[in-house]
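Novice: The lines below spell out each chain.
Protein chains: 2
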Amino acid sequence: MGQDVDLARPSADDTLGRLAADRDLLGRSGTAQRVAEVLRDRIAEGALPPGTRLSEQALGAALGVSRNTLREAFRTLVDGRLVVHEMNRGVFVRTLDPDDVNDIYAVRRALEGTGLRAAATAGPVHLAALHAAVAGGEAAADAGDWPEVGTADLRFHRALVALAGSPRLDEYMTRLLAELRLAFLAMPSARALHEPFLRLNRRIVDLLGAGDTAGAAAVLERYLDDACEMICTAMRMDGA
Amino acid sequence: MGQDVDLARPSADDTLGRLAADRDLLGRSGTAQRVAEVLRDRIAEGALPPGTRLSEQALGAALGVSRNTLREAFRTLVDGRLVVHEMNRGVFVRTLDPDDVNDIYAVRRALEGTGLRAAATAGPVHLAALHAAVAGGEAAADAGDWPEVGTADLRFHRALVALAGSPRLDEYMTRLLAELRLAFLAMPSARALHEPFLRLNRRIVDLLGAGDTAGAAAVLERYLDDACEMICTAMRMDGA
DNA sequence: GGCTAAGCTATTGTTGAACAATCCCACAAG
DNA sequence: CTTGTGGGATTGTTCAACAATAGCTTAGCC
Numbered sequence: 003m004g005q006d007v008d009l010a011r012p013s014a015d016d017t018l019g020r021l022a023a024d025r026d027l028l029g030r031s032g033t034a035q036r037v038a039e040v041l042r043d044r045i046a047e048g049a050l051p052p053g054t055r056l057s058e059q060a061l062g063a064a065l066g067v068s069r070n071t072l073r074e075a076f077r078t079l080v081d082g083r084l085v086v087h088e089m090n091r092g093v094f095v096r097t098l099d100p101d102d103v104n105d106i107y108a109v110r111r112a113l114e115g116t117g118l119r120a121a122a123t124a125g126p127v128h129l130a131a132l133h134a135a136v137a138g139g140e141a142a143a144d145a146g147d148w149p150e151v152g153t154a155d156l157r158f159h160r161a162l163v164a165l166a167g168s169p170r171l172d173e174y175m176t177r178l179l180a181e182l183r184l185a186f187l188a189m190p191s192a193r194a195l196h197e198p199f200l201r202l203n204r205r206i207v208d209l210l211g212a213g214d215t216a217g218a219a220a221v222l223e224r225y226l227d228d229a230c231e232m233i234c235t236a237m238r239m240d241g242a
Numbered sequence: 003m004g005q006d007v008d009l010a011r012p013s014a015d016d017t018l019g020r021l022a023a024d025r026d027l028l029g030r031s032g033t034a035q036r037v038a039e040v041l042r043d044r045i046a047e048g049a050l051p052p053g054t055r056l057s058e059q060a061l062g063a064a065l066g067v068s069r070n071t072l073r074e075a076f077r078t079l080v081d082g083r084l085v086v087h088e089m090n091r092g093v094f095v096r097t098l099d100p101d102d103v104n105d106i107y108a109v110r111r112a113l114e115g116t117g118l119r120a121a122a123t124a125g126p127v128h129l130a131a132l133h134a135a136v137a138g139g140e141a142a143a144d145a146g147d148w149p150e151v152g153t154a155d156l157r158f159h160r161a162l163v164a165l166a167g168s169p170r171l172d173e174y175m176t177r178l179l180a181e182l183r184l185a186f187l188a189m190p191s192a193r194a195l196h197e198p199f200l201r202l203n204r205r206i207v208d209l210l211g212a213g214d215t216a217g218a219a220a221v222l223e224r225y226l227d228d229a230c231e232m233i234c235t236a237m238r239m240d241g242a
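Residue numbers (the numbering used here), protein chains in the order written: chain R, 3 to 242; chain W, 3 to 242.
Some hints could be false.
Stated by the list, open to error - Distance ranges between label pairs, derived from CB positions:
| # | chain 1 | residue 1 | chain 2 | residue 2 | range |
| --- | --- | --- | --- | --- | --- |
| 1 | R | L129 | W | G66 | 52 to 62 angstroms |
| 2 | R | R55 | W | R238 | 19 to 29 angstroms |
| 3 | W | G48 | R | M89 | 28 to 38 angstroms |
| 4 | R | A130 | W | R238 | 28 to 38 angstroms |
| 5 | W | R36 | R | G92 | 38 to 48 angstroms |
| 6 | R | T176 | W | D99 | 41 to 51 angstroms |
| 7 | R | G32 | W | T54 | 17 to 27 angstroms |
| 8 | R | V127 | W | D147 | 47 to 57 angstroms |
| 9 | W | P149 | R | E223 | 36 to 46 angstroms |
| 10 | R | E140 | W | P190 | 49 to 59 angstroms |
Simulated from the structure, these hints should not be mistaken for lab results. Ideal Cβ positions, reconstructed from N, Cα and C, are used throughout, including at glycine.
Based on the sequences and whatever the hints tell you, model everything.
Specialist: Given below as structure tokens:
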């Protein structure tokens with residue numbers, strides 16, 4: 003059997019420290035939070051398209067949770083803007099309009115611009131995540147896995163914000179992209195949405211590696227303008 | 003009596019349009035949301051200091067609401083970072099540490115910087131709110147009403163972010179400042195916290211009026227550095 | 001004394017049922 | 001074609017119950 007080791011005593015290999023890092027992974031979360039996560043996923047993947055009414059009875063029966071627990075989960079989703087709550091009518095999966103998309107991209111400009119400016123002062127160490135995301139996107143494109151290209155794209159831009167080193171900005175960005183997925187659903191194909199931007203992401207990370215922050219900012223600006231425009235026109239065509 | 007007008011027919015004066023703008027003012031909110039607002043206020047004013055445990059039974063009895071409704075309200079507060087939820091232990095009013103304060107001010111730099119950059123392009127019309135907030139703060143200082151100086155300060159910086167014209171950034175800022183109030187509670191006096199910054203706010207709005215965006219940004223930077231430093235040292239003294 | 005283990009109690013987590021309030025729809029009346 | 005009027009379904013909210021957990025108390029042991 004294993005040796006007799008006193009875990010309370012400090013040791014060379016930091017077993018306890020590594021264990022502590024997994025503490026939040028244990029997900030002592032509660033049913034409501036788990037339900038919220040499930041619904042978030044289903045909304046993001048389009049299984050619950052915008053406008054869908056989330057009936058308490060039907061969802062509660064389907065998920066095997068009580069109405070009260072479900073209503074707790076709804077609160078979280080409302081705060082994340084994924085769902086709207088109309089009094090005495092129920093909750094509905096949110097439908098974004100072009101104004102929403104424009105605002106979301108305005109926030110992206112603010113957040114990702116902040117990350118970019120932070121990249122100037124931060125060392126080149128933090129660029130590893132950016133490189134990884136770009137490489138992952140290109141590999142997925144070669145394999146024809148367009149949904150994966152999409153998630154790699156989001157990962158890249160989340161890593162861009164992460165350059166600022168702010169947990170709160172990271173969370174804002176995560177929530178914002180979750181909301182943005184509601185707009186992606188209006189796009190006919192994931193390929194048309196993400197393929198054109200593979201090269202721009204590559205360019206951004208290259209310019210950043212070369213220390214050309216201003217150049218990277220210009221490319222990023224163009225990325226955001228183009229993507230916003232593309233989604234808005236798709237939404238207008240879909241709405242008409 | 004009034005004339006016989008058909009509201010369904012389009013008319014020159016847009017009565018219906020103005021009525022529709024008041025739609026959300028009707029505040030059909032529900033108990034849970036109102037409970038959350040009450041708790042938010044009590045936390046902000048220090049009646050429920052950081053670390054306080056919010057017992058479901060006690061609070062439910064005090065507010066006259068059921069445990070389930072209270073738990074719905076708690077979800078909203080958790081998402082706003084005003085309280086923390088520890089599984090099977092309950093919810094507690096959040097206690098901020100210096101790391102939190104530093105991060106909050108990092109986000110403020112990003113948000114208010116965005117507003118400032120937008121001020122360059124936006125017309126001088128939007129500066130009215132800034133002027134009003136500064137004037138209000140100075141008047142309150144003359145009257146010795148230091149709490150009002152504090153709210154005027156927050157109003158000024160919220161108006162600064164509003165220059166960007168983004169509803170989402172506005173909401174981020176509102177939530178962020180609500181969280182920041184938790185740190186203000188560690189300060190011994192509202193006067194010491196807000197008085198030194200009256201002049202900086204005045205300077206910022208003056209420089210903005212003169213079109214000197216870079217100068218305003220520099221003053222803002224100093225404001226944020228000083229305020230963050232002041233709060234962090236106060237917290238360290240309080241904690242030790 | 002100080003440490004461990006078992007047990008008790010209060011609180012939270014979650015459910016199910018109940019009732020009032022509200023909305024939506026269909027249908028009748030003017 | 002608009003305006004009432006039911007009826008049915010759904011939400012808003014409460015209450016009561018039970019399981020699960022955390023924290024305290026107490027007993028026991030070296």
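Novice: Check the structure against each numbered hint from earlier and tell me which ones fail, lowest number first.
Specialist: 2, 5, 6
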